[in-house]
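K.L.:
So you can see what is in the structure, the chains are spelled out below.
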Amino acid sequence: MSSSIVLETTNLTKHYGKIKAVSDMNLSIKEGSVFGILGPNGSGKSTTLGMALGVTKPTSGSFKWFGGETNHHVRKQIGAILERPIFYPAFTAEENLRITAQIKQVDRSRIDDVLKLVGLYDRRSSKFKTYSLGMKQRLAIGSAMISDPKVLILDEPTNGLDPQGIAEIRGIILDIAKKGKTIVLASHLLDEVQKVCNEFCVLRNGKLIFQGAVSETGNSAQQEVEFGTANGKGLDFAKELDFVEVIEVLHSGVIRAHLDSGFSAEKLNEIAHSKGLVFNHLVARSQTLEEKFLEILKNDETLKS
Amino acid sequence: MMRLLRIELLKLAPAKYFWILMMMFLVIMMAIPVTTVFLSDWIVDSFLSEVGVEQINVLFDFSDIWQNFTFVFQYFTVLLSSLVVINVAQEFSLSTARQQVIDGLSRREFFQGKLLFIGTMALGVTLVAAVLCLVFGYMYSSVTEMDTVLSHIQFIPAYFLHLVHDFLFAMFIALLIRRTGIGVVVLIFYGWMEAIPEAIFRYGLKWEWVANLLPNGATKILIGNPFPKFILQQTDVSVQPIDLLISLGYIGFWLFMNRWLIMKKDF
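Chains as they are written, first to last, in the numbering used here: chain A, 114 to 418; chain B, 930 to 1196.
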């Protein structure tokens, strides 16, 4: 996997009057990654992507595609859907894709290819407005794939879909990712980012507050454990050990604690055993992305105050 | 350039509103000379044959026919201007302009595509007008000598400029409002509203030149009303250079405004 940069933004900023939609955004997305942009609604995900895609004029700052290009030709090598699938409602899928193919200057034969890719070939002559939301979303992905782009940008691709539709879209995204394409996935759904992405960043109020690998969240520096002893001496035991940071005491004397890096639940068990203490409850919890996300948001809040 | 025109054609070919409005306009265009023939025949048959008049086809006479018909055609341009409003405003109300920029069309290309569409449509309609004038002229005109036929053909390019101006103005309204329904209403309403200051300037204050400066009037003056001639024996029988200048000025102004709206505003 090459490590060249697909998209790099430098102090990208967009203000709508007094509202700071995006402030000093410095993002960098590596080639071949499946990159999640995570953030609550209104955190600036779509605005950031809109600027990088030429539809929103930045107030200040800059961005570079593939290490330098900023003009519109570069966008022909990018497949992108922002916010929702956009097509002429009264035109058929085929008629719509003919326009896209002409804009991206690709051969018409690609239309059938992408329609088959997203499973809409049989419905190619139906008007777009007769499509279900899931089909519209699939057509949008197909349209984005028409130039066989290096990068695919998807903004909330599963928004408003039923579970089956969500599974279908995720399947398509993962298939495309397997082909080595870079995928940028903006979402407010943590679970989605965790299932699909290998890298992610977190936006909040138009600011980038975290960027890192999804796998890091699984074995982060601190590990969280829950343990309990039959005799209720767990708390005293925990306080004696300086690598244990007690977070809270749960029901029936179960203790939730953080372990410093280098220490595991196994180690804790070993020490307890050597001191004649027997655990009747021991759970090593790898931090989920959701907890990581909440923690990031919490840290950000404390930074502010 | 061919690519941009092709993109515009792909957007028009399956569009119902385009065919409906275009057909309506073409039918009206052809109905005007046909109705005139029937009407003048009827007048001759019922009133004038007794006094020995066989024909009153003065309206079709070369070279007046160019001015007569382009003057009447102008009153139906609003159908095509509405088409332009729908075409351009729809790109924004549906966000398709936004998606096309994301797909790799530059704003400049989007602008050029729309200009090509407007220019091609204006050219096509002008050609139809010219052919209609020629055909009906040769059928009913009392003179068909080449010199006379071509002497006032300047009203055909004037008609083209009128169409280009009105389409650019329609595009301006569409870019400003970005909604098809309201856009068309504003276009038509503006056409009516301009009559008020125009009447005040022209008939109230007698400032004819100010009245001629209003955008809607600015291109209509290119083709002066030919009909008073039949009663008063006087009218402009050619395109006045000053009117041409005003029209070209307006065309330049709308081009500038439209380009500015496309390049500056968020899509």
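Think of the hints as simulated: they come from the structure by calculation, not from any bench. Just to be clear, a hint being listed does not mean it is correct.
[Said to hold, decoys possible] In silico BS3-like links for lysine-lysine, alpha-carbon gap of 27 Å or less:
no., chain 1, residue 1, chain 2, residue 2
1, A, K411, A, K308
2, B, K1194, A, K131
3, A, K229, A, K177
4, A, K189, A, K170
5, A, K292, A, K308
6, B, K1193, A, K249
7, B, K1193, A, K177
8, A, K346, A, K308
9, A, K170, B, K945
10, B, K1193, A, K320
11, B, K1193, A, K131
12, A, K133, B, K1194
13, A, K189, B, K1194
14, A, K320, B, K945
15, B, K1194, A, K177
16, A, K170, B, K1193
17, A, K240, B, K945
18, A, K242, A, K229
19, A, K177, A, K320
20, A, K189, B, K1135
21, A, K170, A, K346
22, A, K242, B, K1193
23, A, K177, A, K240
24, A, K133, B, K1193
K.L.:
Hint by hint, which ones does the structure fall short of?
P.N.:
Of the numbered hints, 3, 6, 8, 9, 14, 20, 21, 22, 23 do not hold.
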